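Number of protein chains: 2
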Amino acid sequence: MLIVQKFGGSSVANPDRIVNVAKRVALTRREGHRVVVVVSALGDTTDDLIELSRKVTRNPVEREMDMLMATGEQVSVALLAMAIQELGIPAISFTGAQVGIVTDSSHTRAKIKNISGQRISEQLKRGKVVVVAGFQGMTEDHEITTLGRGGSDLSAVALAVALKAQVCEIYTDVEGVYTTDPRIVPEARKLESVSYDEMLEMASLGAQVMQARSMEVAKKYSIPIHVRSSFSKQPGTIISKEVKSMEDVVVRGVSLAKEEAKVTICDVPDKPGLAAKIFTRISEANINVDTIVQNVSKTGTTDLSFTVGLPDLNKTLTVARKVAREVRAKGVTYDDKIAKVSVVGIGMRSHSGIAAKMFQALAKESINIEMISTSEIKISCVIGKNQAVRAVRALHKAFGLNRLGRKTQLALVR
Amino acid sequence: MLIVQKFGGSSVANPDRIVNVAKRVALTRREGHRVVVVVSALGDTTDDLIELSRKVTRNPVEREMDMLMATGEQVSVALLAMAIQELGIPAISFTGAQVGIVTDSSHTRAKIKNISGQRISEQLKRGKVVVVAGFQGMTEDHEITTLGRGGSDLSAVALAVALKAQVCEIYTDVEGVYTTDPRIVPEARKLESVSYDEMLEMASLGAQVMQARSMEVAKKYSIPIHVRSSFSKQPGTIISKEVKSMEDVVVRGVSLAKEEAKVTICDVPDKPGLAAKIFTRISEANINVDTIVQNVSKTGTTDLSFTVGLPDLNKTLTVARKVAREVRAKGVTYDDKIAKVSVVGIGMRSHSGIAAKMFQALAKESINIEMISTSEIKISCVIGKNQAVRAVRALHKAFGLNRLGRKTQLALVR
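Going line by line, the protein sequences match chains V and Y. Taking the working numbering, the leading residue of the first sequence gets 1, the next gets one more, and so forth. Taking the working numbering, the leading residue of the second sequence gets 1, the next gets one more, and so forth.
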């Protein structure tokens, strides 16, 4: 079997942990599998490098940031290859550029265009464990690029696709994917399996086990993902295509996103094209808008509300105030004390009444809902941040997640 | 003018110093010159990385050591390029691999085979300062290699050759090349100029301003080297071809090497071929032998003495004891309390009596000479280590270096 194993920064934070990862890899190799390992930078290396760059410049050029940051993973792969060899297993390390992970030229957030798996395959044939630097690639002009936060997940999944691996194992510091954050709800349970779509909703809703882009790629090419702990040998959670046994589950998990803010443009004249104008401006500023709510009132104007990530709030307000003047809206208000709580489950597609049940559960706790948005397999409510924990606990209980068996639950994660 | 500027690790040891280097580079660029900058890793980075590798393995594979160590210079070039850009000067950084510094595959001590200067020339034409990672290259198979200690000097000189630069400036933490180590002889003076050959002898005799291999390349292609301080704007020392004004100088400097040991194989039978056998074995063990002295006695046996670097002493003794048994020599003795003091100068070629004058000066100080060796432009004496400082001072004075003008002196260096 060909297995891609990905270890994040906390799994290789120091030499002892690197040796532990090496033992884990050696074990898999000794079981007869061919192994490709993808590693992130040691611990906080990437943040340290960013910090270092800030000491020489206020506005680092992104190309040079990539040059700088790519060194983090290069250190990891060299050390891990040495540690594996120390255990008597032949191993060889490569940078993203060396194995032909070709990306576009959007430095610091490059997209993978293609991967030439040839160099890796050659080394696998020679019986070697191949250790590849995550998070990085190169353009067709041999410029070093990085893939953005969580990019090592994407490297791992993309390599699994290119090499036709049987499974992509994502090692992390949690045991797998849970019905909700176990720090909030002690009754939360680890799921044995979850579908790509459910995991995608969870990822985009703030669950941090896996980067959303990597999940999309895994889904597109049907690569099974095994999320598991690097500190234990217990099986974790398998993420794969929708499977039969999942069908009867209505809600698989409850997720919470706390790092958001709500922005409202007040009294926007109710004319065609104004919403388009507003959101074009915002997207031109590279701001990612999440939930959007608009309710036309009877006075000929409307309040237009949307949520953005907290780090983008200031930038958003600047753009929103400018565009508000242009469209002759009354003004801009914001609320940075909000949270978004969501229930997710493939079963919702064919079940009615889930929304009603959710709203009832929140009402019983006297929690006011500020915004609502829905997708095929998810319902999200924006509420006050100070009510978030109570909301998650109430929903986890209301949808019977506390009581259900392991197989029929889903996922938020620390 | 096209200038290659090389800055060592101490010149870029922290963000403040990197900014200073950037200012220095910007100044040269603003004077209208085209500038290629070669940088070493920040401060002690290389040693730190070696230390890190020792925590995961006792015997790091050299290929992986190169992968690891090459990150040091990559960090430097990215930061320096950012710092230069911060000053409003366009700059771009490259790894050794990216600019096509092609080497053989002797990892950790690779030799440069050729350099494709094309990518650098393109960027220079666009008005950019080009910042290149020193100490590293790649094989024709795109494997990352490093050039060994002092390799950044070699990168700089080789780039100067490939790009046909007018001068290669080596920035360091001393003001230039001195008649001898100023810490030993306060009267030592900075030289305005010195020849490649003299500098080569100094480098191989323990002076540390520049790596010997890079000096050989500079000589071969007649690239003038300007050794100068990164902390002052004073001119330093120009290393170039032998020039007329040097001819009348007999001794240009006094150098000292303290990290050596003497090994003697006692009572070797005086038969043809035994010396060859002994030194073949030693070279097979990758030990670099320096001075060799043999004196056949009348009893049909001879004592064979030679010096090696102190770090190689144990390895040498193992080999020497084994080969001594094979050739039926009596045994092996050693002395690790020796030093080698040398006088160097192109003028020696045509002057007799230099050796006699040297021996007299040492005798006057009651310093016993254990071994003597000579080249065309150098005489070296092995003496007791505890007499080394006295010997250097006596020779510096005896050859009139204390009194001579700046132009007529040479070179050992801290």
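Treat the hints with care, since some could be wrong.
[Stated by the list, open to error] No farther apart than 25 Å at their CA atoms in a straight line, the calculated lysine to any residue pairs in the SDA-like style are these:
{"no.": "1", "chain 1": "V", "residue 1": "Lys23", "chain 2": "Y", "residue 2": "Glu86"}
{"no.": "2", "chain 1": "V", "residue 1": "Lys23", "chain 2": "Y", "residue 2": "Leu49"}
{"no.": "3", "chain 1": "V", "residue 1": "Lys55", "chain 2": "Y", "residue 2": "Glu143"}
{"no.": "4", "chain 1": "V", "residue 1": "Lys322", "chain 2": "V", "residue 2": "Asp336"}
{"no.": "5", "chain 1": "Y", "residue 1": "Lys125", "chain 2": "V", "residue 2": "Arg119"}
{"no.": "6", "chain 1": "V", "residue 1": "Lys125", "chain 2": "Y", "residue 2": "Lys55"}
{"no.": "7", "chain 1": "Y", "residue 1": "Lys113", "chain 2": "V", "residue 2": "Arg119"}
{"no.": "8", "chain 1": "Y", "residue 1": "Lys23", "chain 2": "V", "residue 2": "Lys113"}
{"no.": "9", "chain 1": "V", "residue 1": "Lys55", "chain 2": "Y", "residue 2": "Phe231"}
{"no.": "10", "chain 1": "V", "residue 1": "Lys113", "chain 2": "Y", "residue 2": "Glu86"}
{"no.": "11", "chain 1": "V", "residue 1": "Lys125", "chain 2": "Y", "residue 2": "His142"}
{"no.": "12", "chain 1": "Y", "residue 1": "Lys125", "chain 2": "V", "residue 2": "Arg63"}
{"no.": "13", "chain 1": "V", "residue 1": "Lys55", "chain 2": "Y", "residue 2": "Asp47"}
{"no.": "14", "chain 1": "Y", "residue 1": "Lys23", "chain 2": "V", "residue 2": "Arg119"}
{"no.": "15", "chain 1": "Y", "residue 1": "Lys113", "chain 2": "V", "residue 2": "Lys55"}
{"no.": "16", "chain 1": "Y", "residue 1": "Lys322", "chain 2": "Y", "residue 2": "Leu310"}
{"no.": "17", "chain 1": "V", "residue 1": "Lys23", "chain 2": "Y", "residue 2": "Lys55"}
The hints are simulated quantities; they were obtained by calculation from the structure and are not laboratory data. In this text, all values refer to a predicted model and were calculated from it rather than measured experimentally.
Tested hints:
The suggested pairing of V:Lys23 with Y:Glu86 is violated, with an alpha-carbon distance near 45 Å, which exceeds 25 Å. Our distance criterion of 25 Å between C-alpha atoms is met by V:Lys23 and Y:Leu49, whose separation comes to about 22 Å. Between the alpha carbons of V:Lys55 and Y:Glu143 the distance comes to roughly 32 Å, so the proposed pair goes past 25 Å and is violated. Proximity of V:Lys322 to V:Asp336 is assessed by CA-CA distance (about 20 Å); at most 25 Å being required, the pair is judged to hold.
Using a Cα cut-off of 25 Å, the hinted pair Y:Lys125 and V:Arg119 is violated, with the two alpha carbons roughly 35 Å apart. Only pairs whose Cα atoms come within 25 Å are accepted, and V:Lys125 paired with Y:Lys55 is rejected, the gap being roughly 29 Å. Simply put, Y:Lys113 and V:Arg119 have alpha-carbon atoms about 24 Å apart, close enough for the 25 Å limit, and the pair holds. Distance restraint check for Y:Lys23 and V:Lys113: the Cα-Cα separation of roughly 39 Å exceeds the 25 Å cut-off, and the hinted pair is therefore not satisfied.
For the hint pairing V:Lys55 with Y:Phe231, the CA-to-CA distance comes to about 20 Å; that is within 25 Å, so the pair holds. Restraint check for V:Lys113 and Y:Glu86: not satisfied, since their Cα atoms lie roughly 32 Å apart, outside the 25 Å limit. Pair hint V:Lys125 plus Y:His142 holds up; C-alpha atoms about 19 Å apart against a cutoff of 25 Å. Distance restraint check for Y:Lys125 and V:Arg63: the Cα-Cα separation of roughly 19 Å lies within the 25 Å cut-off, and the hinted pair is therefore satisfied.
Restraint check for V:Lys55 and Y:Asp47: satisfied, since their Cα atoms lie roughly 23 Å apart, inside the 25 Å limit. Proposed proximity of Y:Lys23 and V:Arg119 is contradicted: the alpha carbons are some 42 Å apart, above 25 Å. Only pairs whose Cα atoms come within 25 Å are accepted, and Y:Lys113 paired with V:Lys55 is rejected, the gap being roughly 37 Å. As the CA atoms of Y:Lys322 and Y:Leu310 are separated by approximately 19 Å, the hinted pair is consistent with the 25 Å bound.
Our distance criterion of 25 Å between C-alpha atoms is met by V:Lys23 and Y:Lys55, whose separation comes to about 15 Å.
Consistency with the previously given hints fails for numbers 1, 3, 5, 6, 8, 10, 14 and 15, ordered from lowest to highest.
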